[in-house]
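Could you slot chain B onto chain A? The hints should help.
Protein chains: 2
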Amino acid sequence: MKLVIVGGVAGGASAAARARRVAEHAEIVVLERGPDVSFANCGLPYYVGGEIRPRDKLLVTTPARLRERFRLDVRTRSNVESIDRAAKTVRVRDLDTGREYDESYDALLLAPGATPLRPPLPGVDSPAVLTLRNLDDVDRIAARVDAAARVVVVGAGFIGLELAENLVKRDRKTTVVELQDQVLPPLDREMTTPIVAALRERGVEVLLGESAAAFEPEGGAVSVTLQSGRRLPADLVILGVGVRPESRLAADAGLDVGQRGGIRVDEGLRTSDPAIWAVGDAIEVRDAVTGGAVQVPLAGPANRQGRIAADNILRGADRPPARYRGTQGTAIVGVFDRVAACTGAAEKTLRRLGLPYRKVYVHPAHHAGYYPGAEGMTLKVLFDPATGRILGAQGVGGAGVDKRIDVLAVAIQAGMTVFDLEEMELCYAPQFGSAKDPVNMAGFVAAGLVRGEHPQADMEVALDGPPDDRTILLDVRTTKEFSEGHLPGARNVPVDELRDRLGELPRDGRILAYCQVGQRGYIATRILLQHGFDAANLGGGYRTFLLHRPG
Amino acid sequence: MKLVIVGGVAGGASAAARARRVAEHAEIVVLERGPDVSFANCGLPYYVGGEIRPRDKLLVTTPARLRERFRLDVRTRSNVESIDRAAKTVRVRDLDTGREYDESYDALLLAPGATPLRPPLPGVDSPAVLTLRNLDDVDRIAARVDAAARVVVVGAGFIGLELAENLVKRDRKTTVVELQDQVLPPLDREMTTPIVAALRERGVEVLLGESAAAFEPEGGAVSVTLQSGRRLPADLVILGVGVRPESRLAADAGLDVGQRGGIRVDEGLRTSDPAIWAVGDAIEVRDAVTGGAVQVPLAGPANRQGRIAADNILRGADRPPARYRGTQGTAIVGVFDRVAACTGAAEKTLRRLGLPYRKVYVHPAHHAGYYPGAEGMTLKVLFDPATGRILGAQGVGGAGVDKRIDVLAVAIQAGMTVFDLEEMELCYAPQFGSAKDPVNMAGFVAAGLVRGEHPQADMEVALDGPPDDRTILLDVRTTKEFSEGHLPGARNVPVDELRDRLGELPRDGRILAYCQVGQRGYIATRILLQHGFDAANLGGGYRTFLLHRPG
Numbered sequence: 098m099k100l101v102i103v104g105g106v107a108g109g110a111s112a113a114a115r116a117r118r119v120a121e122h123a124e125i126v127v128l129e130r131g132p133d134v135s136f137a138n139c140g141l142p143y144y145v146g147g148e149i150r151p152r153d154k155l156l157v158t159t160p161a162r163l164r165e166r167f168r169l170d171v172r173t174r175s176n177v178e179s180i181d182r183a184a185k186t187v188r189v190r191d192l193d194t195g196r197e198y199d200e201s202y203d204a205l206l207l208a209p210g211a212t213p214l215r216p217p218l219p220g221v222d223s224p225a226v227l228t229l230r231n232l233d234d235v236d237r238i239a240a241r242v243d244a245a246a247r248v249v250v251v252g253a254g255f256i257g258l259e260l261a262e263n264l265v266k267r268d269r270k271t272t273v274v275e276l277q278d279q280v281l282p283p284l285d286r287e288m289t290t291p292i293v294a295a296l297r298e299r300g301v302e303v304l305l306g307e308s309a310a311a312f313e314p315e316g317g318a319v320s321v322t323l324q325s326g327r328r329l330p331a332d333l334v335i336l337g338v339g340v341r342p343e344s345r346l347a348a349d350a351g352l353d354v355g356q357r358g359g360i361r362v363d364e365g366l367r368t369s370d371p372a373i374w375a376v377g378d379a380i381e382v383r384d385a386v387t388g389g390a391v392q393v394p395l396a397g398p399a400n401r402q403g404r405i406a407a408d409n410i411l412r413g414a415d416r417p418p419a420r421y422r423g424t425q426g427t428a429i430v431g432v433f434d435r436v437a438a439c440t441g442a443a444e445k446t447l448r449r450l451g452l453p454y455r456k457v458y459v460h461p462a463h464h465a466g467y468y469p470g471a472e473g474m475t476l477k478v479l480f481d482p483a484t485g486r487i488l489g490a491q492g493v494g495g496a497g498v499d500k501r502i503d504v505l506a507v508a509i510q511a512g513m514t515v516f517d518l519e520e521m522e523l524c525y526a527p528q529f530g531s532a533k534d535p536v537n538m539a540g541f542v543a544a545g546l547v548r549g550e551h552p553q554a555d556m557e558v559a560l561d562g563p564p565d566d567r568t569i570l571l572d573v574r575t576t577k578e579f580s581e582g583h584l585p586g587a588r589n590v591p592v593d594e595l596r597d598r599l600g601e602l603p604r605d606g607r608i609l610a611y612c613q614v615g616q617r618g619y620i621a622t623r624i625l626l627q628h629g630f631d632a633a634n635l636g637g638g639y640r641t642f643l644l645h646r647p648g
Numbered sequence: 098m099k100l101v102i103v104g105g106v107a108g109g110a111s112a113a114a115r116a117r118r119v120a121e122h123a124e125i126v127v128l129e130r131g132p133d134v135s136f137a138n139c140g141l142p143y144y145v146g147g148e149i150r151p152r153d154k155l156l157v158t159t160p161a162r163l164r165e166r167f168r169l170d171v172r173t174r175s176n177v178e179s180i181d182r183a184a185k186t187v188r189v190r191d192l193d194t195g196r197e198y199d200e201s202y203d204a205l206l207l208a209p210g211a212t213p214l215r216p217p218l219p220g221v222d223s224p225a226v227l228t229l230r231n232l233d234d235v236d237r238i239a240a241r242v243d244a245a246a247r248v249v250v251v252g253a254g255f256i257g258l259e260l261a262e263n264l265v266k267r268d269r270k271t272t273v274v275e276l277q278d279q280v281l282p283p284l285d286r287e288m289t290t291p292i293v294a295a296l297r298e299r300g301v302e303v304l305l306g307e308s309a310a311a312f313e314p315e316g317g318a319v320s321v322t323l324q325s326g327r328r329l330p331a332d333l334v335i336l337g338v339g340v341r342p343e344s345r346l347a348a349d350a351g352l353d354v355g356q357r358g359g360i361r362v363d364e365g366l367r368t369s370d371p372a373i374w375a376v377g378d379a380i381e382v383r384d385a386v387t388g389g390a391v392q393v394p395l396a397g398p399a400n401r402q403g404r405i406a407a408d409n410i411l412r413g414a415d416r417p418p419a420r421y422r423g424t425q426g427t428a429i430v431g432v433f434d435r436v437a438a439c440t441g442a443a444e445k446t447l448r449r450l451g452l453p454y455r456k457v458y459v460h461p462a463h464h465a466g467y468y469p470g471a472e473g474m475t476l477k478v479l480f481d482p483a484t485g486r487i488l489g490a491q492g493v494g495g496a497g498v499d500k501r502i503d504v505l506a507v508a509i510q511a512g513m514t515v516f517d518l519e520e521m522e523l524c525y526a527p528q529f530g531s532a533k534d535p536v537n538m539a540g541f542v543a544a545g546l547v548r549g550e551h552p553q554a555d556m557e558v559a560l561d562g563p564p565d566d567r568t569i570l571l572d573v574r575t576t577k578e579f580s581e582g583h584l585p586g587a588r589n590v591p592v593d594e595l596r597d598r599l600g601e602l603p604r605d606g607r608i609l610a611y612c613q614v615g616q617r618g619y620i621a622t623r624i625l626l627q628h629g630f631d632a633a634n635l636g637g638g639y640r641t642f643l644l645h646r647p648g
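Chains A and B supply the protein sequences, listed in that same order.
The opening residue of the first sequence carries number 98 in our numbering; numbering runs sequentially from there.
The opening residue of the second sequence carries number 98 in our numbering; numbering runs sequentially from there.
Be aware that one or more of the hints could be misleading.
Note: identical chains are not told apart, hence a pair may lie in one copy or across any two.
[Said to hold, decoys possible] Derived pair list, reagent style EDC-like, types lysine to aspartate or glutamate, alpha-carbon separation capped at 20 Å:
hint : residue 1 : residue 2
1    : K577      : D415
2    : K577      : E165
3    : K154      : E472
4    : K577      : E124
5    : K185      : E165
6    : K185      : D199
7    : K185      : D555
Please keep in mind that the hints were generated in silico from the structure rather than gathered at the bench.
None of the values given here were measured: they were computed from a predicted structure.
The shape of chain A in the complex, shown without the other chains:
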């Protein structure tokens, strides 16, 4: 058996090492276009910021190590130009010598990754307009960043924001330009409000709903013209507007490629050619929640895909193929002292697909409030209103957000419901959590909603005041809290006075109660319902309002 692997970074390197462990006697050739294998892609922004030093730390492994330990025939600077599927050969070009040759295969694994998008704008090829994907890129940025007082980052995705943080740590004046009306497009907009605030607090200029239209060289610098006409002088521009799957090789060879450009594979990660498999950022995957075909460039899935493909290639047809279960899109980003993370479907995705869902927000502390250092967070959980099955979750805050999103990621993987969240038995000591963990709290709220005990309205209906004439917004916080800010048109009856002041409330209309985070609103709603009022809780309270309307 001779296995040829195109690409030696995440999926390719994982597949190669796994292949050797499975098949000691197979011939395994790894063809990598770049000079490095298996480098720490996700560490690049932190190398720009100086957090990671020396540069060697970015090398997860080296060609020499792979040769020695796994007896892999690793060839870097080797570009695969084409595939001859009938002959089962690939055409390889040695980028150092220019020599071309054919390499035969019994099985071919494509792991070419993805390339940063460079929109075809005037001046985009200026030497001061860079992208960040590999070590060559990071060297180019590092060479310029010392002298770059003003940096513009185009694109406010995960890498764009990590770059912004790291540029600020190096005291660069940093502007982030994002086409959408929010940062971190995989998350729902309101959940990104604290991240925008964190960026602005640290002096990052964040321009939303704005895009770059042209880049004009000015000496060694560049002037960025925005769609709005504004011009931003910059010494360095970094484009972080997404990646496109490197599927040209596959497409040229006639393999099936999806609408978004990803190589199409089956559950066993085999392409439309039975002798060719594909993994990583170059493939189209199944969304584990919605079932749709998506492009999700993430390191974890790429590594797991590499293992699965290697197993399926080398273990022969007598075993049922290992199955890739799809991608949930679990992702996280740290921006200064704040953290945002997500897993599963976003609300915007569910809405776009027309899938039924409900949502809850909770705003708990990351550990017991009575122990010093508790940091607040917001968790949003999306679920099926009929069954309670969890569809997605997002978190924003500080410490402990990663833990809760991981817990919720597992719950989604397991097909659990909001009723299961109520019952989760998680670690509790005062410095680690609470007897009622944030995840339990989200479960209580959501399960109460599904069971019908806890009628809720989404905050969106009340952002501009009562949605209609027969509805009143009832703020059940203290008069002091109310006086410091409240929903437009709201009336104030503190929850602890509510039972004595029921006579002030309309019996012929609807009452939407709210408090700061939702708990007193819930208690008020239960009181009102049991006294015969038509009432619901405005989910997530005033804090959720402030996420939608940061003022």
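This is chain B only, laid out in the frame that chain A set:
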């Protein structure tokens, strides 16, 4: 409906608040023996250490708040002396006035908690020998600790070790005495090795396999005589040797009580009397993994049980009862900069019950190694060797242990297998995790074992050298690593030289390979197997050896 609740701390207070939300018009009486309701039990050691200040922070809520918000009839300093099940009344004694009276009920909920054990040893009633369970206790300890230069903590459970840490923070000379040969008895012994080391590094004297036999007052101080005959002078002794369920009231009333003294309840938390329910530390629960009847005093389960019991009491017989699913025993403790946590069944429990299991150890960093600040941890995962179902997990290390044990707790709750661990898609950015998360790593190792790709022997067979004449211990680390310490009787062939030195190895015996953490041992095992040797990996490598034999 009139509900009387005996006990107003965790389970009782949760039940009372839930009951009011469910039934606005019910009469709800809470009878609490102590002066406080719902206090932060788990924060008490940190109040001793001065981390939590002022004392008010320990009060999660107050009787006044419960009366105001939930219209509860809360009576503190009110001891329930007896239950008349036929008349449906309880006899209440007002501890301040001495007055006794009968209170009738339609439904009775018992949430009396547990009492610290005070072994009947000579001198145990000395005023310098205290326990820690409630605010009265913590006041007594606080009153003595300033003047107590030497403190002996008897019992090295979770609270005992939290106390030890907090006493050291206050510069008390602290000795911990533990009857068992390990600290933290719910964990397996080897997993507690780093915790013992942390205690000793900070100057705590840890005496294992030792117990207190007598306490002799000496002025205001006390001399502790140990079973071994050794005497420890102390200004303060704190007993943390466990708790017993407060089930006398229930037993006197003829309710079923389990062998360990816990009140017996059904899945709906109803006792053997259909008008009486019970929750919290006083009840016997079902172990969610083994199915056995156990006593597990934990705050999270108590709170959830309170909610469930309230629902079942107040929603009437027309709805199916809410079901308590059992307790997993998820628990965590921080000891200085180290953390230990567990969930599900321990190895010792599985062995005692004769249940089939296998185990794996991994020793990963808590986040990407290339990002600064990565802290090491050890994870142990126990699973069914036939199906791969996860039975238990333990972790010890620093940052990120809580997250992995929470993830594994959810996996156990969901009935997941080690194959599911392989596929988990968890948060990855360099400061939060790794593309292959520690949980994935444990899954890879365990799944390889179940699939038969990765034969493993437990480290226990090799602690004293090769287990028999036909077995060799093969250290596949570098010669430098080998020279710094290795298993007794091991031979050294570095993994990267293995293929060239196969001739040195016996074809008629068995080879147990190992490295530092298990990964190179795994690669070596795969090489050896495919070259026809009888080989297995010594699970968890030299680090696991050191946990068993800390030198």
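Each hint, compared with the structure:
no. : hint          : result
1   : K577 <-> D415 : neither (72 Å within a copy, 43 Å between copies)
2   : K577 <-> E165 : between (70 Å within a copy, 18 Å between copies)
3   : K154 <-> E472 : between (32 Å within a copy, 16 Å between copies)
4   : K577 <-> E124 : neither (74 Å within a copy, 31 Å between copies)
5   : K185 <-> E165 : neither (27 Å within a copy, 79 Å between copies)
6   : K185 <-> D199 : within (10 Å within a copy, 90 Å between copies)
7   : K185 <-> D555 : neither (57 Å within a copy, 45 Å between copies)
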